[in-house]
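Protein chains in written order, with my numbering: chain R, 10 to 399; chain Z, 10 to 399.
Among the hints, a few may not be true.
To be verified - Each pair of labels, with its calculated beta carbon distance range:
#  : chain 1 : residue 1 : chain 2 : residue 2 : range
1  : R       : N271      : Z       : E349      : 33 to 39 angstroms
2  : Z       : I378      : R       : R42       : 53 to 59 angstroms
3  : Z       : R54       : R       : D313      : 41 to 47 angstroms
4  : Z       : T66       : R       : N309      : 53 to 59 angstroms
5  : Z       : K89       : R       : N271      : 41 to 47 angstroms
6  : Z       : N69       : R       : K41       : 32 to 38 angstroms
7  : Z       : K89       : R       : E92       : 55 to 61 angstroms
8  : R       : N374      : Z       : L30       : 51 to 57 angstroms
9  : Z       : E349      : R       : S25       : 36 to 42 angstroms
10 : Z       : N373      : R       : S25       : 48 to 54 angstroms
11 : R       : K41       : Z       : K89       : 40 to 46 angstroms
12 : Z       : S194      : R       : K41       : 53 to 59 angstroms
13 : R       : R42       : Z       : D29       : 55 to 61 angstroms
Simulated from the structure, these hints should not be mistaken for laboratory data. We treat Cβ as the ideally placed atom computed from N, Cα and C, and that holds for glycine.
Number of protein chains: 2
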Amino acid sequence: MIDFNFISPTKIYFGSNKEDLIGQICLEGGYKRVYIVIGQGSVKRNGLLKKVEDSLTASNIKYKVLEGVRPNPTIDLCHKGIEEARIFAPNLILAIGGGSVVDTAKNIAVGYFYSGDSFDFNLHKVKPTKALPVGVILTIAAAGSELSTSCVIQDDKKQIKQGFNDDIVRPVFAIENPKLTYSVSKVQTAYGIVDIMMHTLERYFNYSSENEPADGFAEALLKSVIKAAKVVMKNPTDYDARAVIMLMSSLSHNGLTSIGKNGGFFVHPMEHAVSAVYPDVAHAAGLAVLFPAWAKYYVNYDVDKFDKLARNVFDLHKHDKLDNAKAGIKEIEKLFKELEMPLSFKDLGINNPDITLLTNIITNNGTKIIEHPKKNMDKEVVEAIFKSCI
Amino acid sequence: MIDFNFISPTKIYFGSNKEDLIGQICLEGGYKRVYIVIGQGSVKRNGLLKKVEDSLTASNIKYKVLEGVRPNPTIDLCHKGIEEARIFAPNLILAIGGGSVVDTAKNIAVGYFYSGDSFDFNLHKVKPTKALPVGVILTIAAAGSELSTSCVIQDDKKQIKQGFNDDIVRPVFAIENPKLTYSVSKVQTAYGIVDIMMHTLERYFNYSSENEPADGFAEALLKSVIKAAKVVMKNPTDYDARAVIMLMSSLSHNGLTSIGKNGGFFVHPMEHAVSAVYPDVAHAAGLAVLFPAWAKYYVNYDVDKFDKLARNVFDLHKHDKLDNAKAGIKEIEKLFKELEMPLSFKDLGINNPDITLLTNIITNNGTKIIEHPKKNMDKEVVEAIFKSCI
Chain R
10 MIDFNFISPT KIYFGSNKED LIGQICLEGG YKRVYIVIGQ GSVKRNGLLK KVEDSLTASN
70 IKYKVLEGVR PNPTIDLCHK GIEEARIFAP NLILAIGGGS VVDTAKNIAV GYFYSGDSFD
130 FNLHKVKPTK ALPVGVILTI AAAGSELSTS CVIQDDKKQI KQGFNDDIVR PVFAIENPKL
190 TYSVSKVQTA YGIVDIMMHT LERYFNYSSE NEPADGFAEA LLKSVIKAAK VVMKNPTDYD
250 ARAVIMLMSS LSHNGLTSIG KNGGFFVHPM EHAVSAVYPD VAHAAGLAVL FPAWAKYYVN
310 YDVDKFDKLA RNVFDLHKHD KLDNAKAGIK EIEKLFKELE MPLSFKDLGI NNPDITLLTN
370 IITNNGTKII EHPKKNMDKE VVEAIFKSCI
Chain Z
10 MIDFNFISPT KIYFGSNKED LIGQICLEGG YKRVYIVIGQ GSVKRNGLLK KVEDSLTASN
70 IKYKVLEGVR PNPTIDLCHK GIEEARIFAP NLILAIGGGS VVDTAKNIAV GYFYSGDSFD
130 FNLHKVKPTK ALPVGVILTI AAAGSELSTS CVIQDDKKQI KQGFNDDIVR PVFAIENPKL
190 TYSVSKVQTA YGIVDIMMHT LERYFNYSSE NEPADGFAEA LLKSVIKAAK VVMKNPTDYD
250 ARAVIMLMSS LSHNGLTSIG KNGGFFVHPM EHAVSAVYPD VAHAAGLAVL FPAWAKYYVN
310 YDVDKFDKLA RNVFDLHKHD KLDNAKAGIK EIEKLFKELE MPLSFKDLGI NNPDITLLTN
370 IITNNGTKII EHPKKNMDKE VVEAIFKSCI
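Isolated chain R, as found in the complex:
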């Protein structure tokens, strides 16, 4: 186990109709002016926003709404939000939505106190030192941003999608009602499942000691999510399966599954480049293409860990370690197929991916590597993995 500091202070309100508590939660927290951030209108159409507004009004809380967050959320909308918020002067930013909405809220929360371009945080030019509190009403179980330190924003002009991580943006509360995710489409649900699995798997493949509790938590989380995934694809209104996926989205990304070890990501940076260059690619769709390719490359360098995954998550016990490890990867591919995920650049609608550009973005023109305990990801590795996705 390595030395670490860990805090996950977000209060979770979990269960049916917990969003009805929003007025009371804001009152108790002293949040009298709330700047609400939403996506592209679904929470207006399904009545959730109205319900929230009514609850806030009943508690005599003022609010203002910023609409229009898209998948791969843009820094432009964050800038607009920061300007508006400075006039409105809220004491809480309330995200109603999924990861993109939460990340936009987080960028606004830190940008509010910063005189420069709030993309500076994402470019790691500046470390945030002050933030408005962020609250969340979660409507998509996927990104885990509702409990995480992570804030990923895209600059379309610069073709950069980049995240920063800081405890300062961990939300103060997250309201999680699994029923709000009943209406999430099959493909979006599948994207969420892939995202949750990736947050867990990427942490898993960092260095671990022989008896690493975090790895046990990761395996438990994966088993639970995979079981629930199979249920929910058949029955989208199975409460318990939706509940498992929702709670696991939060615990997949709050640091629990990397507590006491490093939690660096290997595949996410590759996907961020893909989404930045090809903005129509959904984050999880990109991950579903890239992870199996990454795994097939790395299984040769980290056979013990892939074998452990195969044994403990997929209950595979082939005699030959490498065979077993590869069988585990096959199980993940099989699951992604069941989830109707894309399996190649072609499936993503990219017939001629600009692999040189993508590789250059990730490796900063070959000058940067992504560290991995068994084999660092340099330009050659990244290029080879991208090529195997064509």
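Position chain Z against the provided structure of chain R, taking the given hints into account.
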């Protein structure tokens, strides 16, 4: 999954020499006057208290020390602490020790603002509404009080040992340096391991849905702790094993392993009665006697769960469920023997236990039951389990 609210806001500072940060942590938290609570002097003898005092002094922080917390901590010392603290007017109570010291600190933290007897909280006569923040420097990995809502105090005169649970007493920070536990004696280390296992197992035997993530976390935690236990009994200075046990003590009792399900305890209340009537009985020693007895009684009512435990924690796969379930209990008994735990009242030094008195304490003279999903624990059940421990 059931509806729940969950918050575990304690910041963990984990690793070698993290106690050196205490001055800085207090400065950052604005804790300028610190009331320190310690046990029976070991932190004076080993230099830890001096180190802390020096760090506080270097940060210009005033402190005062309350010494003398014993195992099964008494309300009398809490009263003394409250009186002293009211004169000293601290803005942090800092526990340096294990569970008894932390629980004493918690009682002082809520008693400070309460004009009545602070044992009222433990008797559930009053719910705490205000508390001084509590910080912890952990020296014994066992009770998990460093992250928990729990505060168990004993009234020797009334022969009552009772706890209350409230988020208000969750510590604001916990400094956990595994090396501080190197010198914990073999028997105390074993007690800690039993306590951690019990916090996890008791939650485990509450009702769960078929795919309950909390149960997966519990199984992972148990596997990790059992592995580390075997290492540490042979080599008390194995850093990684000590680290696993320390971190798992915190996560066994912060609610993670019952997130989304009930977390009621079945065996702890029985042990609290034993410790109250026989104050020389160490908490974990009592648990080590009572749990196998409880399990052997309940395996007949909850065979599926005991079978699941046997499969997922002890890798037992006998064809007959009941056989398998019983084999799992045997593994726990075997482990407790390896840990040199007592196995009966006699081993606890109690030749003629007053089973009627013990049963009456727990069941409030037969008027109270402890709820269990398969068979509630009434007077008859409690009595039968006690009798099987003779």
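What hint numbers does the structure not satisfy?
Result: hints 2, 8, 9, 10, 13 break, sorted rising.
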